[in-house]
Amino acid sequence: MEYMLIFTESAADFAKRNDPNEAPAYWGAWSAYAGAVAQSGIMVSGAGLQPPETATTVRIRDGKRTLHDGPYAEAKEMLAGFFVIEVPDLDTALEWAARSPASSYSSTEVRPVMPTPSKS
Amino acid sequence: MKASASETLDATVRRSYATLLGYLASRAGGDLAGAEDALSEALLAAVKQWPEQGVPERPEAWLLSVARRRLIDDQRKSQVRERFSESIQQALESADELAGSGEGFPDERLKLLFVCTHPAIDEAMRTPLMLQTVLGLDATLIASAFLVSPVAIAQRLVRVKAKIKAAGIPFEVPEREQWDERFSFVLDAIYAAFSCGWQSSFESQTRGEMAVEAIRLGDLAVALVPGEPEALGLLSLMLHCHARRPARVDATGGYVPLDEQVIALWDHSMIDRAERVLKTAGEMGRPGRFQIEAAIQSVHAQRRVTGRVEWLVIAQLYESLLTFTGALGARIGHAIAVGHAYGAEQGWALLDALPMDRLEEHQPYWAARGHLLKQTGRVEAAREAYDRAIGLCDDAAVRGYLMGRRNAE
Chain A
1 MEYMLIFTES AADFAKRNDP NEAPAYWGAW SAYAGAVAQS GIMVSGAGLQ
51 PPETATTVRI RDGKRTLHDG PYAEAKEMLA GFFVIEVPDL DTALEWAARS
101 PASSYSSTEV RPVMPTPSKS
Chain W
121 MKASASETLD ATVRRSYATL LGYLASRAGG DLAGAEDALS EALLAAVKQW
171 PEQGVPERPE AWLLSVARRR LIDDQRKSQV RERFSESIQQ ALESADELAG
221 SGEGFPDERL KLLFVCTHPA IDEAMRTPLM LQTVLGLDAT LIASAFLVSP
271 VAIAQRLVRV KAKIKAAGIP FEVPEREQWD ERFSFVLDAI YAAFSCGWQS
321 SFESQTRGEM AVEAIRLGDL AVALVPGEPE ALGLLSLMLH CHARRPARVD
371 ATGGYVPLDE QVIALWDHSM IDRAERVLKT AGEMGRPGRF QIEAAIQSVH
421 AQRRVTGRVE WLVIAQLYES LLTFTGALGA RIGHAIAVGH AYGAEQGWAL
471 LDALPMDRLE EHQPYWAARG HLLKQTGRVE AAREAYDRAI GLCDDAAVRG
521 YLMGRRNAE
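Chains as they are written, first to last, in this note's numbering: chain A, 1 to 120; chain W, 121 to 529.
Each statement offered as a hint is correct.
So the derived label-pair ranges between C-beta atoms look like this:
no., chain 1, residue 1, chain 2, residue 2, range
1, A, Val58, W, Lys197, 52 to 60 Å
2, A, Gly46, W, Gln173, 53 to 61 Å
3, W, Glu439, A, Tyr105, 38 to 46 Å
4, W, Pro475, A, Met1, 21 to 29 Å
5, A, Ser31, W, Val425, 41 to 49 Å
6, W, Lys197, A, Gly35, 55 to 63 Å
Derived from the structure by calculation, the hints contain no laboratory data. Glycine included, every Cβ here is placed at the ideal spot set by N, Cα and C.
When you get a sec, could you build the whole thing from the sequences and use the hints?
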């Protein structure tokens with residue numbers, strides 16, 4: 001089954017990416033984690049995302065289009081990236097979620113990916 | 121609820137949950153789920169009634185009596201079990217008399233331990249079942265400890281209990297000829313509670329809580345079956361490991377490996393107890409896996425006196441351990457000990473000979489590999505192994521430690 005691991009980070013976590021003292025540990029942990037996922041042969045797809053302040057949100061209500069700078073909703077923990085992995089069951093997906101650096105400081109949400117209808 | 125009523129109830133649950141449940145399940149023909157429901161109802165009634173009506177003089181007897189009424193009602197309602205209900209009702213009536221008579225009621229907790237670890241039950245579910253039925257832990261805590269979804273674990277526990285009932289798994293202590301094997305399942309399940317998450321998250325709070333619960337189970341096993349050296353060995357092993365918990369993290373939250381821990385931070389009275397327990401086990405003259413593992417921990421603890429780790433002795437103990445178990449953890453530990461005792465090349469040779477198929481995602485293996493590769497001067501391969509260990513790690517303290525080792529010259 002395919003599961004999406006949805007990584008969230010706080011503003012402080014995002015700031016680590018460019019902090020000279022924190023960045024080596026931050027990127028070291030993430031690249032090791034991504035490497036372990038890749039080497040286990042379970043990676044379907046994935047990406048890291050630029051911080052939430054780079055987001056632009058589009059909304060159309062009653063024919064009226066509004067754009068605003070920033071994410072859809074401000075929260076303590078914001079979307080930072082995701083992996084889609086192919087594993088036998090939820091237990092295995094949870095094991096991989098626990099290993100993500102995000103789980104140690106923010107959180108990782110695990111969601112089953114909806115199966116695509118087969119094209120016949 | 122008034123403090124005194126709620127405190128009494130908490131204390132009663134902690135002291136007697138397994139005793140009450142074991143007794144009810146035994147009298148209900150081994151219907152664990154039914155007995156649990158009845159006991160829950162009795163506890164709920166206590167929450168409501170004790171603050172108003174006062175705490176009963178003998179709380180256990182009170183709970184038993186309420187639970188018994190509920191069980192009898194259930195028996196009456198159950199068409200399927202009509203044939204049995206008469207005898208069960210009789211048993212329950214006598215149970216109530218017993219509970220009311222002021223005499224103690226029989227201790228059925230050992231049967232409970234054996235039911236939970238019956239070979240017909242999926243091995244992965246034996247420990248969760250034991251934690252729930254013997255200690256009364258809730259499913260959410262068990263789910264967190266075993267990294268399984270709370271909904272899934274709750275469903276699996278329900279299914280397991282339905283199977284116990286449907287398959288007629290007997291609520292009894294096994295016969296002599298099955299004893300050794302069945303008792304080893306009990307000990308394995310207790311150890312699994314202790315070591316849940318051990319493979320990766322050495323330091324998590326959840327793990328600490330589960331370790332305490334597992335030691336409670338170990339104490340219980342020893343109390344119920346005092347003549348089994350392996351039960352003592354397991355208890356000693358758990359006490360040794362748990363005694364060092366305060367020393368595993370430094371002031372900045374960093375992970376400290378065993379041979380670098382500050383001895384003053386160890387819980388010395390717990391270590392003393394671990395040593396006494398192991399000595400008692402040794403005097404019985406029947407060595408086994410848990411006694412040897414405890415002995416290995418005991419050698420580490422002797423650093424208190426000698427100031428050094430006797431790796432030669434540890435390597436020898438691992439060799440005898442491997443005659444009892446081929447578990448990966450033991451084989452990795454053996455390679456590390458040999459590396460210390462006889463040189464990194466020899467340790468590396470042992471580690472490198474392990475079958476890879478079961479180790480791909482085994483974090484301690486990759487950490488050991490990084491360690492031994494580095495010591496034998498294979499710097500680039502060591503970095504790759506450390507990277508893998510870091511990527512498989514689910515604990516921030518250990519992750520930070522491994523990253524430090526990876527980057528150290």
